[in-house]
Amino acid sequence: MWNDSLVLKEMSEDCLTVEFPAPVPKPEFSPPVVQAPAEWEVALTAREEQLLDWKHFWSTYEQIKKWLREQWKAKEWEHVERAVREKAEKEKEEEQH
6 MWNDSLVLKE
16 MSEDCLTVEF
26 PAPVPKPEFS
36 PPVVQAPAEW
46 EVALTAREEQ
56 LLDWKHFWST
66 YEQIKKWLRE
76 QWKAKEWEHV
86 ERAVREKAEK
96 EKEEEQH
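The opening residue of the sequence shown carries number 6 in this note's numbering; numbering runs sequentially from there.
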């Protein structure tokens with residue numbers, strides 16, 4: 006079909022047709038066969054996916070741990086401020102009596 010000049014001309018009138026001066030031989034070798042991935046490739050892909058899942062889990066875990074630490078520090082600071090405030094109020098009451 007591709008070496009038929011009439012077919013090529015009908016496909017597109019703007020397209021130039023080129024005639025080869027010599028016949029083009031068919032390739033000596035057949036095209037490569039697409040093979041299913043080897044067992045080690047499947048295992049490697051699964052391991053990479055596991056590693057990505059683990060990294061995502063670890064990142065989330067670290068973010069939660071950081072948030073909890075910040076919450077704990079905020080409560081601890083609030084507790085210290087309350088103790089200082091109560092001490093100041095107690096001293097003020099003692100001065101008034």
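Keep in mind that the hints were calculated from the coordinates and are not lab data. Everything numeric in this text was worked out from a predicted model, so none of it was measured. Please note: incorrect hints may appear among the correct ones.
[Stated by the list, open to error] Derived DSS-like pairs (lysine-lysine); straight-line CA-CA distance at most 27 Å:
| id | residue 1 | residue 2 |
| --- | --- | --- |
| 1 | Lys95 | Lys78 |
| 2 | Lys70 | Lys60 |
| 3 | Lys80 | Lys70 |
| 4 | Lys60 | Lys71 |
Verification of the supplied hints:
1. Lys95 <-> Lys78: It holds: about 25 Å lies between the C-alpha atoms, which stays within 27 Å.
2. Lys70 <-> Lys60: holds (15 Å)
3. Lys80 <-> Lys70: holds (15 Å)
4. Lys60 <-> Lys71: holds (16 Å)
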